[in-house]
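Put together the whole structure using the sequences plus the hints.
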Amino acid sequence: MKLRIKFAKFGAMRFIGHLDVMRYFQKAIRRAGIDIAYSGGFSPHQIMSFAAPLGVGLTSNGEYMDIEVVSAASSEDIKNSLNKAMVPGIEIVSVTKLSDNAMNAMASVTAAEYTVRFREGYEPSFDWAHLIDAFYEQPSILVNKKTKKSEVEMDIKPAIYSLKAVVDRNGTAVIRMLVDASSSGNIKPGLVIEAFMKEHGETLSQFALEITREDTFTNTGTAEMPVFIPLDAVGDQF
Amino acid sequence: MNKLALKDEILLQVEKPARYIGNEVNAVVKDKSAVAVRMAMCFPDIYEIGMSHLGIQILYDMLNSFEDVWCERVYSPWIDLDKIMREEHIPLFALESQEPVKDMDFLGITIQYEMCYTNILQILDLSQIPLLAKDRTWEHPIVIGGGPCTYNPEPIADFFDMFYIGEGETRYRELIDLYKASKKKNESRTDFLRKAAKLPGIYVPMFYEVLYNEDGTILEMRPTEEGIPKVIRKEIEMKVSDTYYPMKPVVPFIKVTQDRVVLEIQRGCIRGCRFCQAGQLYKPVRERDVDVLKDYAIKMLKSTGHEEISLSSLSSSDYSKLSELIDFLIEECGKNYINISLPSLRIDAFSLDVMSKVQDIRKSSLTFAPEAGSQRLRDVINKGLTEEVILKGAAMAFESGWTRVKLYFMLGLPTETEEDIRGIGDLSNKIAATFFETVPKEERKNGKVQIVASTSFFIPKPFTPFQWAKMNTKEEFIEKAYLTRNSIKEQLNQKSIKYNWHEADMSVMEGVFARGDRRVAEVILKAYEKGCLFDAWSEYFRNDLWLQTFDECGVNIDFYTTRERSLDEVFPWDFIDCGVTKDFLKREWGKAMAGEVSPNCRMQCLGCGAGIFGGGVCYEAKN
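Those sequence lines, one after another, are chains A and B.
Take the first sequence: its position 152, counted from the start at 1, is 152 in the working numbering, and no numbers get skipped.
Take the second sequence: its position 117, counted from the start at 1, is 117 in the working numbering, and no numbers get skipped.
Please note that the accuracy of each hint is not assured.
[To be verified] Below 30 Å or equal to it, Euclidean Cα-Cα: the simulated BS3-like pairs (lysine-lysine) are:
(1) LYS498/B <-> LYS392/B
(2) LYS188/A <-> LYS363/B
(3) LYS392/B <-> LYS495/B
(4) LYS79/A <-> LYS495/B
(5) LYS299/B <-> LYS248/B
(6) LYS495/B <-> LYS9/A
[Unchecked claim] Listing some non-contacts, in silico: residues in chain B with all C-beta distances to chain A over 10 Å:
(7) ASN23
(8) ARG86
(9) LEU131
(10) LEU219
Simulated from the structure, these hints should not be mistaken for lab results.
In this text the structure is predicted, and so the values were computed from the model without any measurement.
Beta carbons are placed, not taken as given, at the ideal position from N, Cα and C, and that holds for glycine.
Written out as structure tokens, the structure reads:
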């Protein structure tokens, strides 16, 4: 049985890198006593795969991993068992069951929504909350993307599905964006902000942004007319 | 969740920020207003190494089991963070609370190897605690040292308020109660230390003075006050099956050296290898009850989620219930896809059978530690391993499919000759030849055998029969390493043999610290001030700075390393009683010089002195 697990990562846990999060979950699944399936071979490993790696320093409300289990009582039971095995900073949000032919988490990812905050003391000097609309309305947004060998200029506008300033729960102005997160066209939120600031003659400092991934999406529409739904909307509660 | 001590900008620019955030599974967080005593336990090396140390996990578990105590952990900040903390004057903090170490009541530092001495100073310095004990007040934590290096604490005596000599399970409760009483009565720090000095196992350097002879050797070490003990006997836990052991060890996020459940099956070693310090310090052998161990294994695997379990001891093959324990683990772990790792097993039919069950033979290698190249020299060091046994074990292993062999030797052992050194090449060659004789050509995977011979340089250690031995000079060491290399190159099967050797400069420094006295402290302090740090890491070891500092302080390296010591010399560590007597060590030294071997503790009692502790292997036959 394939399960999709959605979790949040916050607080001190934002400093734990992707590979270590995987190791963390392997041990957590043992502590929680989940009846996970193992691969064959001389050194069997848990059947587990993650959707999209999250960079060190970022928090998230919508991380996903798929696991294969031999047996499971219910969504609620798995969720509770896992939450008892968590440390502060990782929380299981939902557990859903996937159909046998469902695409795996990593291949399903097409987009991700981010909230971007300017860290105190790093805010741009221009009126960014109002100017962001004009920036997004441009027909193209050109950035220099570094590859291994050279730098190429590319237009990231088609990869930004939405970009706006909003007010968060604490009444602070933040930037919210929905961007391409597929393996072939992934856009880092910092790249968008960097282009925005560059347009206003400012440079983005390495530590200026506090970024939260709000959720990770898959496309149930077409490439031209995308319909984005969160990765756990594919599965069912059981 | 606690606020982190380091701001995001710092955590995002240092390597592996997970080293500094705490928050691990099973880390203990208490309400600080509800505890009377706060303690930081430190391993003065990076997190990955410190987190792999069982001793701290045991003490952490024990101290946190005391309701009035909160014990946290602290490790050496790596070079990158060290620089930032100095520039920004950030005080070193404990991982759990993220609060400064300087605000704790105690700072305990475990001292596992001599080359960490400058790291101890880094810990104190970054914590903003005066480096010298004499400069501290009640404003500062009581700094306690423990671990194997404290069996000669003298080179670092100036930096510590006290040393706890021996195993930690026994006296911390009393020490903490003494501290609480002193605080309550508003006694001075010195008064507290004076009382602590009278507790068994506690050595408070400030109450002792050392008088020297004209030739620089020690005339006498004596207490400066009435009532301070002249001799400190090590503390030892005799009830090893009924004491503290962490059922919920802390599980690190990042990969650490010992990333598994560690089951300590016994303490001590019955074998009397004459170069080995651990073998003497931890006598007598005390086995843990096998049923207790089975219970521990299940509980620890469950509480950590680790995918591997390892047995720990100085010589696992000597544990009397080994096969029962391993059968249980194979059965239990097999169901749950848990790996078993079995270090320090002697290679024989039993261990090969077990290893073939728990390891991938294609990936694992066999390890032999003959330590010396000839039978003559192996008799001198009392290493009861013969060429016949090695070749027989290797042949059996090759038949079972192993193709990789690791061999460990030492260079510079007492009485060593060129012939003994050439023996390393000969033995390596014979093992390779055994492979070609045992395994028919058509059955050889990749057609070859891989033998890796490694040598380290012998460093005489306190409380061993070789504590009187002359250490080799750096030049002698290097010459011997070249001779070893050349003798391997002359072998018929030299293409199957790879040779590694250890750095000579670092071994010389380790030799000074191992048998050093209080006069070495000044050198360590000055070398640290000049920038020596992480000396155990060869890429950071600054031999030029060390040599320069010894020179400036007028401290002669050869006095501590290559000097011939007379049998009646007073050693800096003679005031410590580790059970094993100096008379016994002298007898063993004499037998070594005569090339005579000694039986192990189970074969025959040698009257080493450890019987005074009233248990363990010393009384096995009498039960």
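Here's how the hints hold up against the structure:
no.: 1; hint: LYS498/B <-> LYS392/B; in the structure: holds (21 Å)
no.: 2; hint: LYS188/A <-> LYS363/B; in the structure: violated (40 Å)
no.: 3; hint: LYS392/B <-> LYS495/B; in the structure: holds (22 Å)
no.: 4; hint: LYS79/A <-> LYS495/B; in the structure: violated (57 Å)
no.: 5; hint: LYS299/B <-> LYS248/B; in the structure: holds (8 Å)
no.: 6; hint: LYS495/B <-> LYS9/A; in the structure: violated (52 Å)
no.: 7; hint: ASN23; in the structure: violated (5 Å)
no.: 8; hint: ARG86; in the structure: holds (20 Å)
no.: 9; hint: LEU131; in the structure: holds (31 Å)
no.: 10; hint: LEU219; in the structure: holds (55 Å)
When held up to the earlier numbered hints, the structure conflicts with 2, 4, 6, 7 and fits the remainder.
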